[in-house]
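Participant: Which chain is which? The protein sequence lines are E and R, in order.
Counting along the first sequence from 1, when you hit position 144 you're at 144 in this note's numbering, and nothing is skipped either side.
Converting from the second sequence to this note's numbering requires adding 1000 to each position, the first position being numbered 1.
Treat the hints with care, as some may be off.
Label pairs and their in silico Cβ distance ranges [stated by the list, open to error]:
no., chain 1, residue 1, chain 2, residue 2, range
1, E, ALA471, R, GLU1145, 38 to 48 Å
2, E, ALA314, R, ARG1030, 21 to 31 Å
3, E, GLY657, R, MET1094, 30 to 40 Å
4, R, ARG1122, E, ALA471, 32 to 42 Å
Because the hints were derived from the structure by calculation, they are not lab data.
A virtual CB, placed ideally from N, CA and C, is assigned to each residue, including glycine.
Listed below are the residues making up each chain.
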Amino acid sequence: MSMIDPAEVFRQEAADLIETLEQALLDLQQRPDDREIVGLAFRALHTLKGSGAMFGFTAVSDFIHEFETAFDRVRKGEATADRSLIAAALDARDHVSALIEDPDADPERGHAILAALKAAVEGGEIAGEAPVAETPLEMGEPLAEPAATSAWHIRFKLPADALTLGTNPLLLLDEMRDLGPCEVTAITEAVPALDRLEPEECHITWDVQLMAAVERDVIDDVFLFVRDDMVLSIEPLTAGEAISAHKAEAEAPAAASAGPDKAPASAAPAAPEATAQTVPAPAAPAASPVVKLVEAPAKAAPRTERNATLRVPAERLDELMDRVGELVIAQARLSQLAETLKDSALVNVAEEIERLTSSLRDTTMGTRMVPIGTLFGRFRRLVHDLSEELGKPIAFVPEGEDTELDKTVIEQLADPLVHLIRNAIDHGLERPEGRASAGKPETGTMRLSAQHRGAEVAITVSDDGRGLDAARIRARAEEAGLIAPGQQLSSDELNRMIFEPGFSTASEVTALSGRGVGMDVVKRTIDGLRGSIDVETQAGKGTTVTLRLPLTLAIIDGLLVQVGDSRYTIPLGAVEECVELDARTEADARGRSFLNLRGDLVPYLSLRDLFDVTGETGPHQKIVVVSAGSMRVGLVVDQIIGNNQTVIKQLSRLHSGIKTFSGATILGDGTVALILDVLNLVSTGQKREERGRMERLGRAA
Amino acid sequence: MSEIAKEKDMQALTIGLQDELIALEAVRVREILDPVPITAVPHAGEFVGGLINVRGNVVPLADLRVMFGMERAAMNGDTRIVVMEIDIDDEPVMVGVLAEKVRDVADIEAGSIEDAPKVGMRWPAEFVRGIGRRGEDFIIIPDLERIFAAGTEQAAA
């Protein structure tokens, strides 16, 4: 094992926490009263502070301490999470990221942010007194208990694995003792017999009577970080009930035989210094001590998930994928060998291994699949910031966040999506005045969605803005020399011009976009991922950009076909069906290459023609019908060999100019087969046909 | 590869293409293979028109004879594939280079390397880094970076 840099560990952890914090802050903007979210943000902050200090990131933890202090007032209900506060908090979050990168980053900015944060908190305050309040105030809270009591009955049980995970119940008890005199009883009835006792598991329930007039929240805070899986009840205590309740429980376990009143809880591992000096005045007769058990797991998603997942360096997954790729190739060789030798025992083993390999492949690929929501989360912030900056109110609507994609694809998608979103917000969406006069709601909508479509994932970025201006695009494209003046272009081709390098129709260059860089990055990245881009636009209604991407870059199922002497793989996801090309169809065609497929006209291309293969065609050519974008196209091949698992190897830079193939793969016999890029293949075929037609026309003329 | 050719002695693997001797820088050579099945890449042009499997990696196969305008004789028992690393756009790329015959590994002294003459050569001068001499023989030291850069453009076109 290599040494792991602790600072790196912190950075990773911090990245997650900052992400949680950011999401919580953004959620909070929509639901400022949601205490759950406030709690989530606060916990993230607190953990960041703690681990920052632990790993020596003092600048970070100092800054967060101030941040936390301010934010604490929101949590206490003393300040509302309004726009200015969220904005300041988001700035603070950015500063935390900066500090993690560089502890000396811009202290002035830090002060300014904290000042803004403080101002926002004070501004939102209900009662204008009390500076940075450390002590709990007596003011009422949204969820406050009926009235402050002078004593509390607290009962908690930690999850069985709490000790293993580093929770120390003694510290919790100590913390409660700091609040006031406590009487602690350990209830040990759930502890199994010695022979079945797992010493690392925690089975004790603690029963605490806290004689202190504190706010309920203060007690809640004690359990802030262990809360998720524990059973916790906190009830106000009346004197009489306190003792009887306590007595009943204390006497149940054999160990606790002490008297009811001054009972040091000797059974508890805690130090028994708890002496109940005063049994204070009764309060709140209405509040009968109904035991309300807070069972958390259902709602405490983040923490439980953390326990169930494992952090693995990405390279290790890549390595695993490589090995599986090699295994798949070796397995193909084995299968081929078994077939040649016709030894039934060997064939059995080969089939078994084939089955195992393919399930191993699926599992391995599964480990690389990441929900795209992780990526979408980042854009909420982007949209929020842009909306503030440009003064355009925008509703951000993410859809299909749980759609999974290969992690490498997701990583590379970040940049293109940023460009698309920026562009849509900056150029697509109108200002509120403009929208109002166009009869649209003032708030623009930015929709980002992901969904599976066969072997592809479609990601759409759509806005309800003004749409693309065809005339302007044409003018700009002509000006930039991308098209000849007056050149005939379909609207599709014209729309695609916006992805050409150096193209921008924005009359003014803003800080965000308009410089003409960016959109070509989108195209380049998507091409690199073997994906495609579609643009749909409607004047005045909006623009939708659809990115279509392959599910994975590593291994696909393919259909192996023979054309001339060469074999090619067609991604199975694109294949719809295979039909015979009978002589009649061919004779009928007479220059028209159409196939009548149950009433539908399907054009077809001959791969022989396309790849300039010479020699005799076999008597029984087949047509593989594939879906290419929105249309179906038949590909004529000599022979269909069968399905195979295809480990995709990228073509080298020497062949990067060739678009008809998306890669190559190694077959069972060790030869290389090219993988067809169906979409590009079809468009190449169309171009060739067009050229052929032009030539014929030229000759005729 | 840059300036090594003229400043230092060069250890080279010499291969035969038609009746010429070509020097390939020995440190870049990874292995020498017997002929393997070659997969033709449609539309890729003749220079790197094929792909081969080198230990599970898909490697493009280049034929220098195309760029030197030489006649392309069919493969025979002497044909070998020299697998080597070439920088293309400053990134190392593994390629196979077809050799009609692999001769030997030879040291070419720096002093014996001369610039390619501008006239009197059958091959494009920009593809030749220099001409070395060994005894009576002339050895062509090709500028592989340039050749491959030009070949890539050709393939993309």
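Participant: None of the hints should be skipped; say for each whether it holds.
Facilitator: These are the hints, each one checked on the structure:
{"no.": "1", "hint": "E/ALA471 <-> R/GLU1145: 38 to 48 Å", "result": "holds, 46 Å"}
{"no.": "2", "hint": "E/ALA314 <-> R/ARG1030: 21 to 31 Å", "result": "holds, 28 Å"}
{"no.": "3", "hint": "E/GLY657 <-> R/MET1094: 30 to 40 Å", "result": "violated, 18 Å"}
{"no.": "4", "hint": "R/ARG1122 <-> E/ALA471: 32 to 42 Å", "result": "violated, 56 Å"}
Consistency note: the structure conflicts with the earlier hints numbered 3, 4.
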